[in-house]
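Visitor: In the order they appear, the protein sequences are chains A, B, C and D.
Residue numbers for the first sequence follow this note's numbering, beginning at 6 and rising by one.
Residue numbers for the second sequence follow this note's numbering, beginning at 6 and rising by one.
Residue numbers for the third sequence follow this note's numbering, beginning at 6 and rising by one.
Residue numbers for the fourth sequence follow this note's numbering, beginning at 6 and rising by one.
Hints may be right or wrong, so weigh each one.
Below are the BS3-like pairs computed for lysine-lysine, each with C-alpha atoms no more than 30 Å apart in a straight line [said to hold, decoys possible]:
#	chain 1	residue 1	chain 2	residue 2
1	D	K169	D	K101
2	B	K101	B	K181
3	C	K181	C	K101
4	C	K169	D	K169
5	C	K169	C	K181
6	B	K101	A	K169
7	B	K169	A	K101
8	D	K101	C	K101
9	D	K181	D	K169
10	A	K101	B	K181
11	A	K169	A	K181
12	A	K101	A	K169
13	D	K181	C	K101
14	B	K169	B	K181
For each label pair, taking beta carbons as the anchor points, the in silico distance ranges come out as [said to hold, decoys possible]:
#	chain 1	residue 1	chain 2	residue 2	range
15	B	V12	A	Q256	52 to 62 Å
16	C	G239	A	P286	51 to 61 Å
17	A	P135	D	M47	31 to 41 Å
18	D	A92	C	G122	36 to 46 Å
19	C	Q258	D	G130	22 to 32 Å
20	A	L70	D	E234	48 to 58 Å
21	A	Q256	D	R357	43 to 53 Å
The set of hints was computed from the structure by calculation and includes no laboratory data.
For every residue, glycine included, the Cβ atom is placed at its ideal position computed from N, Cα and C.
There are 4 protein chains.
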Amino acid sequence: MPDAVHVPPPAAALLDRFERVRARTLALAEPLSAEDMAVQSMPDASPVKWHLAHTTWFFETFLLLPHAGAAPVDPAYGYLFNSYYEAAGPRHARPKRGLLTRPSLADVLDYRSRVDGAMRRWLAGTQQAPEVLALLELGLNHEEQHQELILTDLKHLLSENPLKPAYAAPAAAEGKAPALSWHPHPGGLAEIGHAGPGFAFDNEGPRHRVWLEPFELASRPVTAGEYLEFVLDGGYRDPRHWLSDGWAAVQAQGWAAPAYWREEGGRWLVFTLSGERPLAPDAPACHLSHYEADAYARWAGCRLPTEAEWETVAAPLWRQVGQALHPPPAAGFPAGVWEWTASAYLPYPRFRPAEGAVGEYNGKFMSGQMVLRGASCATPAGHSRPTYRNFFPPGARWQVSGLRLARDA
Amino acid sequence: MPDAVHVPPPAAALLDRFERVRARTLALAEPLSAEDMAVQSMPDASPVKWHLAHTTWFFETFLLLPHAGAAPVDPAYGYLFNSYYEAAGPRHARPKRGLLTRPSLADVLDYRSRVDGAMRRWLAGTQQAPEVLALLELGLNHEEQHQELILTDLKHLLSENPLKPAYAAPAAAEGKAPALSWHPHPGGLAEIGHAGPGFAFDNEGPRHRVWLEPFELASRPVTAGEYLEFVLDGGYRDPRHWLSDGWAAVQAQGWAAPAYWREEGGRWLVFTLSGERPLAPDAPACHLSHYEADAYARWAGCRLPTEAEWETVAAPLWRQVGQALHPPPAAGFPAGVWEWTASAYLPYPRFRPAEGAVGEYNGKFMSGQMVLRGASCATPAGHSRPTYRNFFPPGARWQVSGLRLARDA
Amino acid sequence: MPDAVHVPPPAAALLDRFERVRARTLALAEPLSAEDMAVQSMPDASPVKWHLAHTTWFFETFLLLPHAGAAPVDPAYGYLFNSYYEAAGPRHARPKRGLLTRPSLADVLDYRSRVDGAMRRWLAGTQQAPEVLALLELGLNHEEQHQELILTDLKHLLSENPLKPAYAAPAAAEGKAPALSWHPHPGGLAEIGHAGPGFAFDNEGPRHRVWLEPFELASRPVTAGEYLEFVLDGGYRDPRHWLSDGWAAVQAQGWAAPAYWREEGGRWLVFTLSGERPLAPDAPACHLSHYEADAYARWAGCRLPTEAEWETVAAPLWRQVGQALHPPPAAGFPAGVWEWTASAYLPYPRFRPAEGAVGEYNGKFMSGQMVLRGASCATPAGHSRPTYRNFFPPGARWQVSGLRLARDA
Amino acid sequence: MPDAVHVPPPAAALLDRFERVRARTLALAEPLSAEDMAVQSMPDASPVKWHLAHTTWFFETFLLLPHAGAAPVDPAYGYLFNSYYEAAGPRHARPKRGLLTRPSLADVLDYRSRVDGAMRRWLAGTQQAPEVLALLELGLNHEEQHQELILTDLKHLLSENPLKPAYAAPAAAEGKAPALSWHPHPGGLAEIGHAGPGFAFDNEGPRHRVWLEPFELASRPVTAGEYLEFVLDGGYRDPRHWLSDGWAAVQAQGWAAPAYWREEGGRWLVFTLSGERPLAPDAPACHLSHYEADAYARWAGCRLPTEAEWETVAAPLWRQVGQALHPPPAAGFPAGVWEWTASAYLPYPRFRPAEGAVGEYNGKFMSGQMVLRGASCATPAGHSRPTYRNFFPPGARWQVSGLRLARDA
């Protein structure tokens, strides 16, 4: 949710952005069959068709119905495509999203089209209050989040298929990873969190002070080649590197390398959205759980940065080297990873969720999860920010998640 | 597997039947979308697309590859579409059949088409040994079994959808259930089991003698209206009616009525392949587990018949009243149910599985299951026989399973 | 439950037997500490203290309270020590029997003593109706069943202890196993089941006719040495030997040999009630599940006998060679095993459970279990009979269960 | 682990304290039978006997064996009584601690006695290096932690017994809870964490600065009577009060009130170590999960304090009112609760675990848990400190855990 101080862009600008965001979602789905989009590969992931419908439901439920006087396209969709908003009524169980062969993909595309039309008419026709435009802006950012999930959920689905199918052509080969250097910070009072003027989610604020001890932050994420050294050094067989919960996960899940890695005759293969390919040692290590990121850091004699450290030192670094926080979406995820931090996902001081159902957007998940910062190659361009707080449970591996090392100065 | 004595029909007749069976499978799939056919709603059920492919794999694996010198259409299909034949090599895990969005439905239809063409060419071209034709006949009966599973698995999938979609128009209303009468049998030595000349599965033989005590068998299955009396009498709340395992299932699963039944404001609704419809009291009760069939019988002061009793008295009854053992497939299952017996699914005396991989067809499942006799409205015409032994675990409810009462004379 | 025709022994004889049975239970518990008797090692097993109390509860509940006008020793015990009698009211959950550190062992021993005293006074004082004496006889047989469970449940508990403690001194070494021979039977009509005059459980009757095909039965159970050949031949790695459910159990449980067997440096060790000891090749193989017994028989080119075959041929064999059906209890189980049959545990024709709560004794368990015949070294002397039907689920391994081979003639 | 700067007390003082700590553990066990001490009621809890042995193992393993040249009392104990120290070798699985009926209670008491003797001789005889005395001090604090666990684990065990047995006489009735007032804090830089001179665990340091926003802290914990208002207001039925994980726990576990609370005919009963007793409205609410504490705070329009807020304002409060942080142990827990904070259990800046196996004491658990501050009536006198960090998973309810409200100023 935007801060109270944030003034959303004018309706015309938002409509323009609406068109682009909505079109990009369809473009992501374009290479897929109706079958690919119907299936759910695990409870954490959702079918692509469900993402297409849910992002549409968001605009219909929070804008068209209460503010544009619209009638629902189909009253059943309120039940089927509500993700987790208790205040928006009962809903279809998450692990059963993959059973919804009806409405068909065509029906869902029609739903999108009809909601898009209604949105256009409504935005063209009346003067909207700023708080309503703020909800529209939230809906666009919400859809961008689901664009990333479309890619990660799809990748998990395809990885379960023994045919190892490809979704897209491989990205052009990347160059060598730059040598690692360390960026020192002297410690002291810092300020973190969003303070405008642009959009931010409610969990990014309020901006506030934190005290930092002197530390150093690595100039780039850990590469797959560096992580492989940990694997080959027996990192997954030595409990001393691991948090207790992490070691339990290693044993219970039989982890021996990051998700999607596989060793065959001494050669390491990685499943990507371009199919299974040889491990690219200069790409950032990814599909790591927090446990693995933490264990690697301990093995390397370092630690994960806190989110305050990351925001203070890493975010400016990204800009310094000319990188935005949003590398272009690339199917195979060859570059750009979310970076696990040492920080639990908890409210900032004086955090207040938004009023109404969208108040459930972020706050109620502030338990049992760890913060990731940055952005990945699957993140839509322009979606992330230096203050952006991504979060997942420490055992999650299907996101494009890696790490950047920190150490005490 | 056919008995040794059974002489399979000539190749021309089998080819003709091949065309009809294969076409009927496609006809069953015709009203469905690719999405409907891709999804798996529970580990016990399979996607329709998988059924389409697996039945094709059977002909390719057991006939075309070893006997017609064919090359596999796609070597990966041997892994993907093997159901449970250990001797045919490793295979895709059953609960993950629903993750196979590739090969696409179009690919699978092409697979069917190419295998059908090869089968036609092979059957036209050479003289086949009787044991090879016997395998073809087995494959046709195998595909008919999957035709029934296509309907029951699909029904389960659609029932999980809050939209309660219909697959087919409802069947015409049936008349009243005939009054129940009892058919006595004096007991003594009887013979059961298949002895030719037609096709039968290996588990139906050898024909052998059994000793029967005097008993009586009901003239028709229990109707939904009769079963409703048990429900309304608190049958699902009184442990005295139930086997211990059945009572545990009632409590663990929260059963309060047969599968697909639902009470709303005093009215009983039943999910069918024509959508949710009012309970039809004169139709046979179905979607019962063995536990429920057994509990009903005990509540009614009766018992389930053994399969020997059923074969001796019920099978001829069906003929007597002009019913075949194979009512025409009807979407909503308004008539015709498999009838649970009191017999565990165990080998007949001197039972021998077939040689080779098809020996895994029946024998290895002779543990932990109960026999059902008869046929249901979902069974292909001509598929069942008086000696036919269907079998499912006692807790299974997604088949068209009901009961017929028996009592000691 | 006794047959209707069975006349129970006079009260004086039953009192004498009561004293002996009750004393033997205490003798079994004598080497154990209160701790040993309090703990439950798995849901299927019960603490020894619970067995001591439950067998006492049986006499109190079914005799003293309804027939002797007694007041309960402690009203709470009716809840705590009811095993599964729904008609006797609610009860403590089975998997939580091991949480009952109170009542203490001393309290339970006092309970036993007070019920014993009341039983003596009651039996001495009045004339009891035959149906009441029949309940007493049932209670004694019931306690004998629990004597066997005390040993098998205790063995499981001690086996979970890394100290591998011993309960009793090892039995004297046995001689060599006799050479295997085959006892033929020509087939035809046979009669099985109990017909008096002595006591039998309700599930052993009524006596009835069965038709047998010609077959042969082995002269003795399979020995541990013979079973070891199956293990060493890779029997646990080849799915062709196994029922489908059995193979699933092998993989899910990681079975590689019978329960309590362990290989160390090429030497096979077996946990016994005398601690861990070298495998005794001439002792009967035991602690086999039905799946393992069945797989061994298939590997050996044979099959398991039906219970009718066993009762017709094996029971007389036992007598012929001077063996009773009840070898003396021996701690380490060096001789005498229950023998899995190919028969599911189902009611005999015209079976009727007893009236009242004791009708739950056997009938409601006639689902999902297989019959074992014979007796084991843990069975109290005189407890078993040629018609005795023991039963356990096919995956159970903590009983003293082995097999005898059969084959078609 | 003590800070580097902390100088442990002299050996003579530690020996004196050793005698008192060890004696108090035995005193806690004194009212219990061997049966009570052998049983494990859930995987999170351990048998009292295991606590008696494990605390002894700590001294033997980390002091007597490496530093006093002692031989182990029993080599098997190293396997049986290691809790979680990977560096100390393999160990008995935690959920199976309750299966260890051997060694007997008498054996374990003998183990304690022999280790105590060796400790006395060793401490009397030689000059110990400060780092070794630091380990001794750690062992004493470790044993005090297990003293609290003995009470909480025992309470859980007894609560599972339908007899609702009492461990101790109820404490004398407490007075009225004081009226709630609010203690303001202006915010700014604060220092938290241990800095000597006394003992502290490694996770309490290093002392470091944190920035606080202005806030207020309640003068006392929430009482049972106050919490009951939340229950009666439907707090457990309204998802808006709950974190998402908390609401999932409410539904999955069927929570409707704190652990050990039960409503009967409108009257609220609470299971205590003095048996089941009427709810005492003026006692602090306890046996709350973090989720419940958080939900209550939200319902009350407040929030939980961070651990820095708590340490800055609440710890001095305790002193101010003359309370130590360690109310005397009282069986029924009538007063004194651990207070859940809003802080995840994570390392302080520059935290370093101790070298060697005791480095596993705290650090590896810094994942998935929340910090509790204060002390409870079950905490040994003198054990806690203002900097003390207790921690449990957010769903844990068997500890004496309550809450104190905070709010933004």
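Visitor: State for each hint whether it applies.
Guide: We went through each hint and held it up to the structure:
no. : hint                           : in the structure
1   : K169(D) to K101(D)             : holds, 24 Å
2   : K101(B) to K181(B)             : violated, 43 Å
3   : K181(C) to K101(C)             : violated, 43 Å
4   : K169(C) to K169(D)             : violated, 34 Å
5   : K169(C) to K181(C)             : holds, 27 Å
6   : K101(B) to K169(A)             : holds, 14 Å
7   : K169(B) to K101(A)             : holds, 14 Å
8   : K101(D) to K101(C)             : holds, 15 Å
9   : K181(D) to K169(D)             : holds, 27 Å
10  : K101(A) to K181(B)             : violated, 39 Å
11  : K169(A) to K181(A)             : holds, 27 Å
12  : K101(A) to K169(A)             : holds, 24 Å
13  : K181(D) to K101(C)             : violated, 39 Å
14  : K169(B) to K181(B)             : holds, 27 Å
15  : V12(B) to Q256(A): 52 to 62 Å  : holds, 58 Å
16  : G239(C) to P286(A): 51 to 61 Å : violated, 41 Å
17  : P135(A) to M47(D): 31 to 41 Å  : violated, 53 Å
18  : A92(D) to G122(C): 36 to 46 Å  : violated, 58 Å
19  : Q258(C) to G130(D): 22 to 32 Å : violated, 53 Å
20  : L70(A) to E234(D): 48 to 58 Å  : violated, 36 Å
21  : Q256(A) to R357(D): 43 to 53 Å : violated, 26 Å
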